[in-house]
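A.B. asks: These protein sequences, in sequence, are chains A and B.
Counting from 1, one number per residue, gives the positions in the first sequence under this note's numbering.
Counting from 1, one number per residue, gives the positions in the second sequence under this note's numbering.
Derived from the structure by calculation, the hints contain no laboratory data.
Hints are supplied without guarantee of correctness; some may be wrong.
[As the list claims (entries may be wrong)] Partial list, computed: chain B residues near chain A (C-beta under 8 Å): (1) 56; (2) 57; (3) 61; (4) 63; (5) 65; (6) 66; (7) 103; (8) 128; (9) 130; (10) 131; (11) 198; (12) 199.
Model, not experiment: these values are computed from the prediction.
The C-beta atom is built at its ideal place from N, Cα and C for all residues, glycine as well.
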Amino acid sequence: MATEHVQLPDIFTRWFDSHGWAPRPHQLALLEKAQDGHSSLLIAPTGAGKTLAGFLPSLTDLATRPKSKPGMVKPRLHTLYVSPLKALAVDIERNLTKPVAEMGLPIKIETRTGDTPQHKRQRQKIDPPDILLTTPEQISLLLANGQAELFFKDLKYIIFDELHSLVTSKRGHLLALALSRLRRHAPDLQTIGLSATVANPEDLQRWLVGQKNGEELSEKIVVEGGAKPNITILQTDERIPWSGHSARYAMGNVYEQIKEHQTTLLFVNTRSQAELLFQELWTINEENLPIALHHGSLDASKRRKVEAAMAQNALRAVVATSTLDLGIDWGDVDLVIHIGAPKGASRLAQRIGRSNHRMDEPSKAILVPANRFEVMECKAALDANYIGAQDTPPLLEGAIDVLAQHILGMACAKPFYEHELYEEVISAAPYSNLSQEQFSRIVEFVATGGYALKTYERYARIRKTKDGTWRISNPQIAQQYRLNIGTIIEAPVLNVRLTKRKANGSIGRGGPKLGTIEEYFLEMLAPGDTFLFSGQVLRFEGIRENECLASKTFDESPKIPAYAGGKFPLSTYLAEQVRKMLIDPQSWATLPNQVREWLELQKRVSRMPSHNELLLETFPRNKKHYMIIYPFEGRLAHQTLGMLLTRRLERMHARPLGFVATDYALAIWALDDLGERFKNGLISTSELFHEDMLGDDLEAWLDESWLLKRTFRNCAVISGLIERRHPGKEKTGRQVTVSADLIYDVLRSHEPDHILMQATRADAATGLLDIRRLSDMLLRIKGRIVHQKLDHISPLAVPIMLEIGREPVNGEAQESILLEAAEEFLSEATGHLK
Amino acid sequence: MNMASPVTSNQETLCSLATELNGVNVVCDFRGVLYLPNSKTLIVSDLHLEKGAAFARRGLLHPPYDTSQTLDKLHQCIDYFAPQTVISLGDSFHDQLGSEFLPEKARSQLKHMQTGRDWIWISGNHDPKPHKSIEGDCMEEVTCETLQLRHEPSDDDKIGEISGHLHPAAVITRRGKSVRRACFATDGNRLIMPSFGATTGGLSLKHKAFKGLFDTKNLFAHVLGKEQIYPISWSKMRG
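Please take these sequences and the hints and turn them into a complete structure.
C.D. replies: Below you can see the structure in the form of structure tokens.
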């Protein structure tokens, strides 16, 4: 990196010298670009001094500004730093204050998050610091204020940390819109994006600068990865199970590894896995090693304790979910163990980055596959990490609900002209393709709900006035906006409080708070049921106000399976690698014996698909007829495919009964002999798998699916149609909040093309349904479906067959549940009816 | 007879369920209305008309279609039973302004339904004052045969009382999946009506708000299904 004319003030050179350091080339390169007036993206691995690089332009600029004299206008906000996590902002403040203090620079640094007290926020508005460390939501809040223009007019730099993780969500859309407004207040604003390695850096480069024709890019600086990580797959003599996700078989080996290392981080994919693993480890923890648990549902104070103990190297192991994914600095972790398949190569790289947080030393990691397919997936991920493959998801078009929220916020700040705001919005990369017409519809939605039935004119939230501007109807609208800002919608949760069961069976009142749990999970529990939470088996006692009361129990195994946290689908890239491995027997040599033998057996009794083929097996079992396919496209896409295929088979009178989907395969069973029908050509596979299923069939199914309701709720909250539920502020007694489900039903039957319904379908298509992947797959396998008719189950089919019966009933089966309960009663009560 | 169990059902499925309350025959209909055959009276509770508009007045622009959906459904019930009297058991409008700002189309639909029969609006906590701009008699309570009709369940006068207000719902769990549906709740002494309005939610019968209201030994939820009523006993519910 050539950095001839970079200007590093002497005080900085001396500070580097005093520590025996020299500024790294990428730090100087970024400074030079900034001094030349450019915005930049810095891509660097963990431990490369990314944060200091990001702040250097701002620190040097502040260090050399003229001293403020009495009578001069007080300096306004100079630099904004945005991070996805509150904790990260606090962490950065600590790390930044040190060099600033050591150099004696007159720079004021403060944080502003949801936790910042009201009086301090108020003071910050009047007397801002030089550098403000904050979150995306806080920026939107500041921008919706009438004083925003003055507050931000001298803003020179804005630094986005972990940009790769910010931009892939609706939160990123909100932030992009905020950035478009900041550019208007401060036209010379320069952006600095800090990111881990990503598949398409251009996406981020576009995101960082204002768009005119979709071609504008920021500068880019890339630091090549440090030492290669040392990753292995766990060697074990135990039998690797066919299916399941617990990896219980490997606990003995995992415990040995913990003993051999100083501090081990154990990553799992879901909270339930975390709970289970933690419990398993403690049952064999003969040496009483300090092993802790850390996941998003635990109480914040409990998490802080674990984090503090971690920083002091007081723990030997921590079981964690994605809450620890991002780049907060921890103690001396010397081993990362990943339980279950990583589901994506980038995620694996990020997690492994947690071990040995110094760039030049190799990280050490062990992958523990939970079943045989995961062995292949781990192997693929391992190869991917070595070749530096990246599979972060492509950026999505800006969401409609987020834009609606932003428009209302802008009206709260000051009246706007529609065309001006439109120009501003399309300068934000995610919204650069938005049409003027669609924008007008969204403004209309913000104003009166955008309904075909125009009855809400008198209740409009924003109105077009005589001078042509839109302005809010009354100050309460702004108040409401502030309470409902943000794009993170939590599922309704209740506190879990530990109580004592008294001898007479009554339940005590108080006790420590253990964390929070989803309401829908509690709905399944009856008093006396046991479940796993916070590393222990608890007995559910009941719900009191907004708390779930639970007592300790000595049961070893919980009755109700732990609730599912977020489950990542298998990434496209890894899926491709696993498919490649499957068709190439040469590559099986590197797999454990038992897995290799399994694949060889499959080849003997059935077949392996060749390149781009889709294998379809059929066989009878217990008077039912099964068809199994192996697309490897992830559970979401398979689930959608399963729904659509069963609908089609129904129409073809093949009498399908059900289906189950995993990350790797899809199984459908029917009363009719599907194998015979395929063989006789009564059902043509190319017809069954034709991509036209993504047309009307999809529409018809979606309309009755509960998936859309869940998505709708989020869109309705973000767009300001319904109010956010504030934790701890739910109304007690009678339910007064309106259920989003009921609103959805009304809207669907009266105005199915309403803009919010469009937004919901678009969200579901990308998120829960994975339509894009499904359609890519249907195209890929067109004319390449090979049918293998078998008399028995095949080896490859065993894992998915074991999943059958574990899936809960879906929404459409609700009436039958009611009928069942009523019939039980009827036969009890009358003895002869039905 | 002081049991709430279903007495008769001639049809294949229980699209309505006849039972007895303080000596009066009452019919629980799957659409959420109660019919008294002897006095040809139709009872409906918690219509919450203009709920969308009530929210819109507060800046939350809920879809404006709830009123017409609720009225259409009520219209069907009235066509089916052809009652002499209709009693709306309180919370007929989601707020007091609802009847005043009722859109013209809904107003005329309501008027059409009211023609040729008596219509009583019982006051509720959402609409405590008489509705002046629409037809019908406004009352606090009303007696019908030997039954006492009011919006909120009383503490002391429970024999033969029909009320609404609480939006009872039954939560049934089977195979790890739970279903929540609106229901009639009765122990043979009193009966609490399901809420009828299109966007009204339900409160589980196990919620503390129902505590002490029923003799749970005899308590049944007559659950509203898509096309039938499911009688489910208290012991089968969770919540």
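A.B. asks: Now tell me if each hint is right for this structure.
C.D. replies: The hints, checked one at a time:
no. : hint : result
1   : 56   : holds, 4 Å
2   : 57   : holds, 6 Å
3   : 61   : holds, 3 Å
4   : 63   : holds, 5 Å
5   : 65   : holds, 4 Å
6   : 66   : holds, 6 Å
7   : 103  : holds, 6 Å
8   : 128  : violated, 16 Å
9   : 130  : violated, 24 Å
10  : 131  : violated, 19 Å
11  : 198  : holds, 6 Å
12  : 199  : holds, 4 Å
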